[in-house]
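**Q** Chains as they are written, first to last, in my numbering: chain A, 1 to 216; chain B, 1 to 389.
Careful: at least some of the hints might be erroneous.
As the list claims (entries may be wrong) - With a cut-off of at most 25 Å between alpha-carbon atoms, the simulated SDA-like pairs for lysine to any residue come out as follows: (1) B/K384 - A/A140; (2) A/K174 - B/A370; (3) A/K49 - A/E122; (4) A/K106 - B/Q240; (5) B/K326 - A/R161; (6) B/K309 - B/R355; (7) A/K115 - A/T189; (8) A/K174 - B/Q266; (9) A/K115 - B/V313.
As the list claims (entries may be wrong) - Just some of the chain B residues that point at chain A, by a computed CB distance under 8 Å: (10) V177; (11) S280; (12) V283; (13) V284; (14) G285; (15) E288; (16) S317; (17) Y319; (18) F330; (19) R332.
Treat the hints as calculated values from the structure; they're not laboratory data. Don't be surprised by glycine CBs; every beta carbon is placed ideally from N, CA and C.
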Amino acid sequence: MSVRVFLVDDHALFRAGVRAELDTITDEVEVVGEAGGVGEAVAGIAHHKPDVVLLDVHMPDGGGAEVLRQIRTKIPEVTFLALSVSDAAEDVINVIRAGARGYVTKTISSQELVKAVVRVSEGDAVFSPRLAGFVLDAFADRPGAAPISDPELDLLTPRERDVLRLLARGYAYKEIASELFISVKTVETHVSSVLRKTQLSNRYELSRWATDRRLV
Amino acid sequence: MRRRRTGRVVAGVASGLADHLGAPVFWVRAVFAVAAAFSGIGIIAYGLLWMFVPQSTVAEPETDEDRKEWQQAVGLAALGIGVAVFTGLLNGAWSGWITGPIAIALVGAAVVWREADEAQRRRWKDGAFAQGKTGIVRTVAGGALVVAGVAAFLVVNDSVQNLSTVVLSVVATLAGVAVLTVPLWMRLVRDLDAERRARIRTEERAEIAAHLHDSVLQTLALIQKQSESSREVKRLARSQERELRSWLYGREVGEQPHSISVAIAQVCAEVEDDFAIAVSQVVVGDCELEDGMFALVQASKEAVVNAAKHAGVAEVSVYAEVEPEKVTVFVRDRGKGFDPDLVPDDRHGLAGSIRGRMTRHGGEVRLRTAPGEGTEVQLEMPRKTEART
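Excised from the complex, chain A in its bound form (with noise of 0.2 Å):
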């Protein structure tokens, strides 16, 4: 059964290129509706029930953040991947804080969004570089932060460290697997997991540490 994705995006443009690209390459999604504003795509997600939703960080109104608030509580089993022109830090931080399971840039190949469609779709998390390097960034120990309230939460695992770093550095998911002599499907656990710590920990760094480099 192929994957129902709802698109949100500003741009009609970047819509309508999306949906043309997902529906030429692929049987694996399948474009179920689409939103151009916050209202529109609360509604149409409320009505659509996607598996997936494509959705823009940057439109008037609060933005991608402002949709997952809406849904995330109303109806809790549609997924979130992000997709955004900007790589500014906070941008990508504040949307996986707010519930989303990926994050991958529009200049990313129409391959490869399958890919992250599906991944996210199966419950699993996407990581672009950019991304990692943000998380490893704001996990990172400098003298001088605040003390860790909840270790468990606040720190992340050597290994899920070596994950990021592999991801940050371009590898694949396959890739990393070999490279740590682990399974595809520890590498998504430990990705998992990752994404889970950056959405629920209260760590200084991850609400302050963005706007205070603009590492960008």
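Chain B: place on chain A using the hints.
**A** Here is chain B on its own, set in the frame of chain A:
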């Protein structure tokens, strides 16, 4: 917070406050009325809010409830004033002879202030500065009331204390003038503020327009001219994107870089421009650009150039991580790859400019490649100074 325009009785302070607090307007009015009993605090508070809270720029739609509320409100306002006067008399702190003139002056001030609100509204509506005839009549009448109140106050007090009559009359007259001109001052201050904001907005817009014109529009023109060469179009688009990003997100450009993240971004940009490929870079952490780091950046550039020239790919990934004791850079492509043992001796790109540079500064180079498997160059440079993040 804004003073309301519909459903107001005096100046819309109570309804505005009720909107702001999310409380029923009746209770807000009742509180004002009750507070008026305590030496007129309710009245003073109302006056201050009137002064400092701007009225709302749009009229709210009127409802049937508003009419009922309005009647109620008039009753409450009358009650408040009555209570204030009555308790003043009872306490004996204010004799009737003083309270009376002050009340007259306050009513006069209210008339003038209200007229000023009206004038401002007309100005919003049709940009007219001139006051209508009724407006002038109302202002003059209000002014007259204030003058009469002040005069009465003076006459009454004249008999009480002969000595300080001159001082008292000067103070009273000044107070009267101050009360009357409050709307004028507030308008001056607000206009000044609004004008300054408008100017800042215009300047910002002009700066954005100038920048877009110099960069984006020029690039779009170039792209249209060179639309046959997809390589050139890609290069232009990529370099414009980079430029726009650094402008939007406030990264320094064109300067001598001081930090390793900026330096790496800069060399990646140079290779992108020279070879029309995409170089995606991720930098974790940051540090100052001392000697060894400079060599590291140059070696990284050399590695990216090699990938751009020989790997035959459209994209190269660069990942740099700054750790307390060392900095590591990975340059990776998924291109042809090669057999390191078969590289002819006269090709010293990797040997000389990368390995030589790195070892001179105490760094290390590791190479992973095989034909058909892409290439990854790992550059590692120890840090001399302590971690500074």
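**Q** Take the hints in turn and mark each one as holding or not.
**A** Right, here's what the structure says about each hint:
1. B/K384 - A/A140: It holds: about 20 Å lies between the C-alpha atoms, which stays within 25 Å.
2. A/K174 - B/A370: Roughly 18 Å separates the two Cα atoms, so the pair holds.
3. A/K49 - A/E122: holds (16 Å)
4. A/K106 - B/Q240: holds (16 Å)
5. B/K326 - A/R161: Roughly 16 Å separates the two Cα atoms, so the pair holds.
6. B/K309 - B/R355: holds (18 Å)
7. A/K115 - A/T189: Holds: A/K115 and A/T189 sit about 17 Å apart, inside 25 Å.
8. A/K174 - B/Q266: violated (31 Å)
9. A/K115 - B/V313: Holds: A/K115 and B/V313 sit about 21 Å apart, inside 25 Å.
10. V177: Because about 49 Å separates B/V177 from the closest Cβ in chain A, which is outside the 8 Å limit, the hint is violated.
11. S280: holds (6 Å)
12. V283: holds (7 Å)
13. V284: For B/V284, the interface hint holds, since the closest Cβ of chain A sits about 5 Å away, which is under 8 Å.
14. G285: holds (6 Å)
15. E288: Violated: closest Cβ of chain A sits about 15 Å from B/E288, beyond 8 Å.
16. S317: holds (3 Å)
17. Y319: holds (4 Å)
18. F330: holds (5 Å)
19. R332: With a closest approach of 5 Å, the B/R332 hint holds.
Hints 8, 10 and 15, counting from the list given before, are not met by this structure.
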